[in-house]
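With the sequences and hints as input, model every part of the structure.
2 protein chains.
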Amino acid sequence: MRKPNMREAILAAAEELFSVNGFNAVSVRDIAQAAGANPGSVTYHFKTKDGLLLEIYQRHCVPMNLRRSELLEAAKRVRDPKDRLEAIVRAYVVPAFSSGSDLAGGGARFTRLRAIMSAEGNEVARKIIAQTFDETSHAFIDAIHETLPQIPRTEIVWRSHFLLGALYYTLVTPERVSRLACGEADGADPGEAIEQLVRSTVASLQAPPLDRPVPAGRRTAATGRSSASAGPA
Amino acid sequence: MRKPNMREAILAAAEELFSVNGFNAVSVRDIAQAAGANPGSVTYHFKTKDGLLLEIYQRHCVPMNLRRSELLEAAKRVRDPKDRLEAIVRAYVVPAFSSGSDLAGGGARFTRLRAIMSAEGNEVARKIIAQTFDETSHAFIDAIHETLPQIPRTEIVWRSHFLLGALYYTLVTPERVSRLACGEADGADPGEAIEQLVRSTVASLQAPPLDRPVPAGRRTAATGRSSASAGPA
DNA sequence: CTCCAATTTGTACATATGTACAAATGCTAT
DNA sequence: ATAGCATTTGTACATATGTACAAATTGGAG
Chain D
25 MRKPNMREAI LAAAEELFSV NGFNAVSVRD IAQAAGANPG SVTYHFKTKD
75 GLLLEIYQRH CVPMNLRRSE LLEAAKRVRD PKDRLEAIVR AYVVPAFSSG
125 SDLAGGGARF TRLRAIMSAE GNEVARKIIA QTFDETSHAF IDAIHETLPQ
175 IPRTEIVWRS HFLLGALYYT LVTPERVSRL ACGEADGADP GEAIEQLVRS
225 TVASLQAPPL DRPVPAGRRT AATGRSSASA GPA
Chain H
25 MRKPNMREAI LAAAEELFSV NGFNAVSVRD IAQAAGANPG SVTYHFKTKD
75 GLLLEIYQRH CVPMNLRRSE LLEAAKRVRD PKDRLEAIVR AYVVPAFSSG
125 SDLAGGGARF TRLRAIMSAE GNEVARKIIA QTFDETSHAF IDAIHETLPQ
175 IPRTEIVWRS HFLLGALYYT LVTPERVSRL ACGEADGADP GEAIEQLVRS
225 TVASLQAPPL DRPVPAGRRT AATGRSSASA GPA
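Just so you know, the protein sequences line up as chains D and H, in that order.
Mapping to the numbering used here: the first sequence position 147 is 171, numbers consecutive.
Mapping to the numbering used here: the second sequence position 93 is 117, numbers consecutive.
Some hints could be false.
The list treats identical chains as one, so a pair stands whether inside a single copy or across any two.
20 Å max Cα-Cα, derived DMTMM-like pairs, lysine to aspartate or glutamate [said to hold, decoys possible]:
(1) LYS106 x ASP235
(2) LYS100 x GLU32
(3) LYS73 x ASP166
(4) LYS151 x GLU199
(5) LYS73 x GLU159
(6) LYS73 x GLU97
(7) LYS71 x ASP54
(8) LYS73 x ASP104
(9) LYS106 x GLU199
(10) LYS106 x ASP210
(11) LYS151 x ASP74
(12) LYS100 x ASP158
(13) LYS100 x GLU216
(14) LYS73 x GLU40
(15) LYS106 x GLU170
The set of hints was computed from the structure by calculation and includes no laboratory data.
Here it is in structure tokens:
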């Protein structure tokens with residue numbers, strides 16, 4: 025046995041490749057080669073390619089959710105409601121950007137993986153996400169809601185959803201920010217991304233709620249004359 | 025010739041399939057079958073699978089950017105700066121949710137396609153995006169910046185980036201909102217998504233800028249004691 | 001050392017995939 | 001009607017892919 029633990033090497037290689045290229049674009053042979061293993065070894069340890077992805081998720085989910093709970097509980101203990109809101113958002117965002125080997129935090133690599141899987145509509149990922157992440161999401165949403173009781177829960181859900189989308193997109197295309205900022209910002213710098221995301225999200229969460237129910241035929245100065253062709257279905 | 029325009033049918037089928045399953049998971053044969061065509065027909069009209077994707081993008085880009093410019097110019101004419109900001113954001117968001125056949129608006133289908141391509145890191149898409157969409161993005165960023173001169177341009181870039189991420193994520197996983205809201209919100213309803221996104225983004229854009237330059241070792245009440253293991257790389 | 005279980009390797013196979021190309025077909029102008 | 005062209009069809013091929021499986025290898029217990 026050359027590698028002390030080939031199983032781990034395969035998992036790491038697969039996680040890296042999946043998180044960069046997606047599930048479909050990566051072959052079992054690609055993974056084996058990256059891990060310095062034989063294709064048959066992958067079958068031996070994980071039976072199928074789906075099984076490999078499943079194992080990657082299961083490897084992360086439990087410690088990650090434990091860690092998130094810890095961070096959330098700590099954030100909830102912050103006294104000043106304004107600070108508490110920011111602390112909660114930070115507890116949600118920071119672990120998602122943590123560097124590679126941090127298994128408990130989730131880490132940027134695994135977060136990027138989840139982003140791509142959700143875009144690809146991967147079935148294996150979809151199942152695990154729904155049964156493992158939603159409870160954590162609910163806990164965060166509840167905590168946020170407690171600091172902003174005047175905002176309907178539905179709106180908190182929307183804005184948290186937007187936060188996750190922004191987070192995913194930032195991890196998936198970090199070079200885009202640098203490009204649009206003409207080099208004045210680095211989308212790949214986790215520190216800056218975190219601060220921008222936290223600031224932006226806190227402000228978004230504090231926005232006054234919409235007047236509900238929303239009427240169907242709404243008009244604004246900008247879209248009023250053009251809504252016939254551009255209006256929602 | 026059974027179909028009046030088989031080329032169009034193939035384009036439509038490919039666009040639909042790509043926007044749901046991504047580029048890699050869809051085969052030329054899948055597309056041909058969905059279009060009621062022969063696989064060879066795809067090769068005949070578009071030479072390669074990449075060529076087909078390229079054509080889908082080119083089909084949309086010009087009319088879409090024209091439309092976006094129109095909407096942006098109209099929004100910029102709104103006098104009250106507060107209303108103008110919302111109008112600009114709306115001009116950016118509304119066309120992205122417009123129903124299927126609206127070629128000029130871009131449409132939800134094509135936006136979803138772009139979202140998946142960016143997640144998959146598709147090369148063909150990356151090239152076109154950089155050369156076609158960035159100019160439009162700059163125009164929107166500039167327009168927003170003019171209504172918020174006190175915010176550094178870099179921050180506007182970040183927050184617009186988050187807007188796009190939120191928009192993409194909402195289009196890619198609309199069922200997630202419904203699930204987390206326990207049925208009290210419908211993520212697939214473009215009307216509600218648009219209003220939530222606009223409200224959220226306007227608030228985010230108006231947030232006061234960060235104090236820059238950001239110091240490396242930052243501490244907050246929430247993450248101070250835990251940042252050792254969860255801090256950014 | 002010897003045996004054994006766990007692992008790794010090499011190979012094979014059935015299928016899927018992108019693309020090429022010649023033959024067949026349908027449409028239009030004359 | 002017919003020639004000429006664009007399109008469609010059917011098929012073929014080289015390669016890539018997921019998975020299975022038998023043989024080889026390894027490392028440790030007796």
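Hint by hint, here is what the structure shows:
no., hint, result
1, LYS106 x ASP235, "between (24 Å within a copy, 18 Å between copies)"
2, LYS100 x GLU32, "neither (36 Å within a copy, 55 Å between copies)"
3, LYS73 x ASP166, "neither (36 Å within a copy, 46 Å between copies)"
4, LYS151 x GLU199, "between (30 Å within a copy, 13 Å between copies)"
5, LYS73 x GLU159, "neither (27 Å within a copy, 41 Å between copies)"
6, LYS73 x GLU97, "neither (36 Å within a copy, 50 Å between copies)"
7, LYS71 x ASP54, "within (16 Å within a copy, 27 Å between copies)"
8, LYS73 x ASP104, "neither (48 Å within a copy, 56 Å between copies)"
9, LYS106 x GLU199, "neither (32 Å within a copy, 31 Å between copies)"
10, LYS106 x ASP210, "neither (28 Å within a copy, 29 Å between copies)"
11, LYS151 x ASP74, "within (12 Å within a copy, 31 Å between copies)"
12, LYS100 x ASP158, "within (19 Å within a copy, 40 Å between copies)"
13, LYS100 x GLU216, "neither (24 Å within a copy, 30 Å between copies)"
14, LYS73 x GLU40, "within (15 Å within a copy, 26 Å between copies)"
15, LYS106 x GLU170, "within (11 Å within a copy, 29 Å between copies)"
Hint compliance for this structure: hints 2, 3, 5, 6, 8, 9, 10, 13 are not met, and every other hint is.
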